[in-house]
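Enquirer: Build out the structure end to end from the sequences listed, making use of the hints.
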Amino acid sequence: MSTAHYDLHGHTAVIRLDNPPVNGLGLDLRKGIVDGILKAEADDAVKAVVLIGSDRAFSGGADISEFGSSKATAEPNLNTVINYVESSRKPVTAAISGACMGGGLELALGCHYRIAKPDAQIALPEVKLGLLPGAGGTQRLPRVIGAEHALNMIVSGSTVPASQFKGSALFDEIVQGELLDAAIAYASKVVSENLPLKKVRDLRARHANPEGFFMFTRNTVGAMARNYPAPLKCVDAVHAAVTKPFDKGMEVEREAFVNLMQTPESRALRHAFFSERLTSKIADVPSDTPVRDIQSVGVIGGGTMGTGISINFLNAGIPVTLVEMKQEGLDRGVAAIQKVYEGRVKKGRMSEDDAKAKMELLTPSLSYDDLSNVDLVIEAVFEEMGVKQSVFEKLDEVCKPGAILASNTSTLDLDKIASFTKRPEDVIGLHFFSPANIMKLLEVVRGEKTAKDVLATAMKLAKAIRKTAVVSGVCDGFIGNRMINQYQREALLMLEEGASVQQIDKAIEKFGFAMGPLRMADLAGGDIGWAIRKRQYQENPNMVKMVVADRLCEMGRYGQKTGAGFYRYEPGNRNALHDPEVDKVVDEVRAELGITPRKISNQEIVERCVYALVNEGAQILDEGIAQRASDIDMVYLTGYGFPVFRGGPMHYAEEVGLPNVVRAMQAFTEDRHTQPGFWEPAALLAKRAEEGKGFDSK
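Residues 246 to 943 (my numbering) make up the sequence shown, in order.
Simulated from the structure, these hints should not be mistaken for laboratory data. Any given hint could turn out to be false.
Said to hold, decoys possible - List time: in silico EDC-like cross-link candidates among lysine to aspartate or glutamate, alpha-carbon distance up to 16 Å:
| no. | residue 1 | residue 2 |
| --- | --- | --- |
| 1 | Lys276 | Asp263 |
| 2 | Lys705 | Glu521 |
| 3 | Lys489 | Glu456 |
| 4 | Lys645 | Glu629 |
| 5 | Lys667 | Glu693 |
| 6 | Lys316 | Asp273 |
| 7 | Lys829 | Glu741 |
| 8 | Lys434 | Glu418 |
| 9 | Lys697 | Glu670 |
To be verified - Quick list of simulated restraints, FRET-style, between CB atoms:
| no. | residue 1 | residue 2 | range |
| --- | --- | --- | --- |
| 10 | Phe518 | Ser413 | 26 to 32 Å |
| 11 | Glu418 | Thr549 | 47 to 53 Å |
| 12 | Arg463 | Glu837 | 52 to 58 Å |
| 13 | Glu418 | Phe518 | 31 to 37 Å |
| 14 | Phe627 | Glu799 | 19 to 25 Å |
Nothing here was measured: the structure is a model prediction, and the numbers come from that model. Every residue, glycine too, gets a C-beta built ideally from N, C-alpha and C.
Expert: Okay, here's the thing in structure tokens:
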């Protein structure tokens, strides 16, 4: 149970926050702080109070385990706790190391004095949840570091080391050595010198030209924030700190906080925050499952994907053996990795020594035999089952017992791939997204025979290389690509039915996607989708053919890589330019199919593309391919550019209302070009809509 430990050190009462791992300010801890303050006030022998956390954290803010429960707002709430601290008749000193963020920083600002280790991490990150600090952060921080610096911190939510505030009123001392000893010594100094009980609320928040500064800031923040209401509310609150008495400013902050809590954007951001933490929880794999030791990694394939995958492990300090079949390909792969590190050095993101150290962890090879002692091998070769078979049969021969054999396949049957070995329990899918060294998503594909310790190892390793890992079962395309097929299918059908390439992409981009489906296809490479479609056409002869996309690929228009796809591209310029040649192809296909073009609204474009994702996602959930709807959302937020402020396709559908989604889908069936049964709501979607529940409801 979280609590606050009360101890006496001479005439100083020490209240130690104890709610691992980051001293979240849960109800029990809040009560403990208040009880400690009252106990100190009632003891005549106590002359001063020190609030201290652990080396890891003074406090990381709110206890996220209480979000959504009555405990989150139960008394004493954080404002009440701060009031007890601030109004204490005895001086209270906050001793800060590690994380001091959100409510933790607001608590520290309520103390009379603050000392900190230089590397303590200071932040008010609430804006990242679509909120603003709700316990005086917008009012007190400007009073100690100035309105401009405070506003930058609050609007960005960025973390800053305590050392940067040396000399400001935020910290009375920056200390080295043992923090508790320094805090007790400082508290004794306050008493012996009879220093006043300083209250941040009594300070003035100043700016030389407040009206001009805040007018400029509103324009700047408004242009950058666009779909996020919280940053502008932060500006309003800090403006109130400068222009209004403290209590009036607190009213502005509180009203903004309450209003923001009700916005769909904040609900979406909070959903994403909690969803990311849920992805690592696997129902039948306990958190204490033993994992395999990964000290070295092999990567097969020196192309774009293989080199990107390699960089992830090099960045984490894990040696990589990169295997290619020909010297030319190997040299190209090593050069690509070298270029990435040279670019980081040039931009000041890495020292030359660091870049050299990373490259020294790389061993280029032309022989599978050099993989005999690695702990994990990831193949990133051509997406064709015969190629995968030859690779895994060879790995089965050369790799040591207990080595994990992973495939980066994006669509192929992992169980079949595992069957090419005599150790299917050691085989797992690790589907990285391009560029693999940048994209956060990692689909961890669990085969029918994948061992639990292999799965647990993959999830732990994902954290080491800073990926958001989502577990998927085996199916064609897994979670992400299986769903995106339906999304792009609808875009391509609407192109045949009457929409233009530009209209489709602009409608989806206005909805909030990083790029529309046709621009995305050009970026990924049209030949990749074409290869998948040709395989699917063979496997499912009744599948509706994507005639325009196929025709463009037949013409060699594979997107950016060939300078032409759904758009045209000029050398050295990635801007997608309108190409009349594509319009001509679209017109020809419409004529061949006997389609009379009709006017298609932007709303229909968005609904058909997004609801196609939702319906396929519901089917994936029903089949058990994904563990939970929030996992699907994380796939789309971290791997496919779904707008974060909408929370992912499944969350967005719940915001719209599942009955409304079903109703819209039923209307789509009236289109004579619709494939029979395509818009039939998935059983889980229909059930949850009828029940009035969300996807993850029990």
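Enquirer: Could you check the structure against the hints above and give me the numbers of any it violates, in ascending order?
Expert: The structure conflicts with hint 4 only, although it agrees with all the remaining ones.
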